[in-house]
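Working from the sequences, and respecting the hints, build out all of it.
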Amino acid sequence: MAAGSYLLYQLLHCDVEELPMVAYVIADRKFLFDKTTKTVTRCSAASSIMDILDGLSDRGVKGYIIYDVAMKGRQPSAGLPCEGWGMIVVTSPNTNNYESWAEQTEAEEIIMNCPDESDVRAMCIWKEHNGQVEEEADYWKKVKDRMDKVGPILRFIFGN
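Following the working numbering, the numbering of the sequence shown begins with 506 at its first residue and continues without gaps.
I should point out that these hints are in silico values taken from the structure, not numbers from a laboratory. It should be emphasised that the depicted structure is a prediction, and the values quoted were computed from it without experimental measurement. Hints may be right or wrong, so weigh each one.
[Said to hold, decoys possible] With beta-carbon atoms standing in for the labels, derived distance ranges: (1) 543 to 510: 16 to 22 Å; (2) 591 to 627: 29 to 35 Å; (3) 624 to 589: 20 to 26 Å; (4) 523 to 557: 20 to 26 Å; (5) 517 to 656: 18 to 24 Å.
The C-beta atom is built at its ideal place from N, Cα and C for all residues, glycine as well.
As structure tokens, this is what we get:
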């Protein structure tokens with residue numbers, strides 16, 4: 506869920522005029538974030554995200570969908586994304602999680618990997634470079650401890 510929550514955080518901080526709504530789907534849970542009213546709605550398990558977003562699209566509401574394929578067999582509907590909506594599918598590298606949807610929608614595949622330890626260490630040196638080797642070593646130790654706890658999620662490991 507780390508990648509999906511990171512994307513959600515970023516989208517919620519986009520200009521409300523350009524992106525007034527964000528839908529977040531993970532497994533069988535569906536959430537709608539209305540940035541204009543600053544509210545979040547958890548949709549019922551029985552509700553269809555396709556129907557909900559189609560209704561918003563029909564009214565001219567634009568937004569973005571984060572579809573986190575957290576469980577096997579939970580591919581997005583071929584009707585997604587709706588008109589006026591963008592979409593990103595977050596999944597493991599297992600192509601069975603998204604392949605048929607991607608073919609039907611002619612989706613563009615972008616593969617992103619989390620930074621490894623050497624990448625993060627280089628970021629630490631770049632971020633805290635002040636010529637004080639001892640301070641840089643202390644900072645790296647603190648970041649490494651955080652990374653061991655939460656993984657290489659940059660906003661958590663570089664937080665104060």
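Is 20 to 26 Å a correct range for the gap between the Cβ atoms of residue 624 and residue 589? violated (36 Å)
Does 20 to 26 Å hold as the CB distance between residue 523 and residue 557, or does it fail? holds (21 Å)
Taking 16 to 22 Å as the stated bounds, is the beta-carbon spacing between residue 543 and residue 510 within them? holds (18 Å)
Quick check: does the Cβ-Cβ distance between residue 591 and residue 627 fall within 29 to 35 Å? holds (32 Å)
Outcome of range test on Cβ distance (residue 517, residue 656; 18 to 24 Å): Holds: the Cβ-Cβ distance is about 21 Å, inside 18 to 24 Å.
When each numbered hint is compared with the structure, a violation occurs for hint 3 only.
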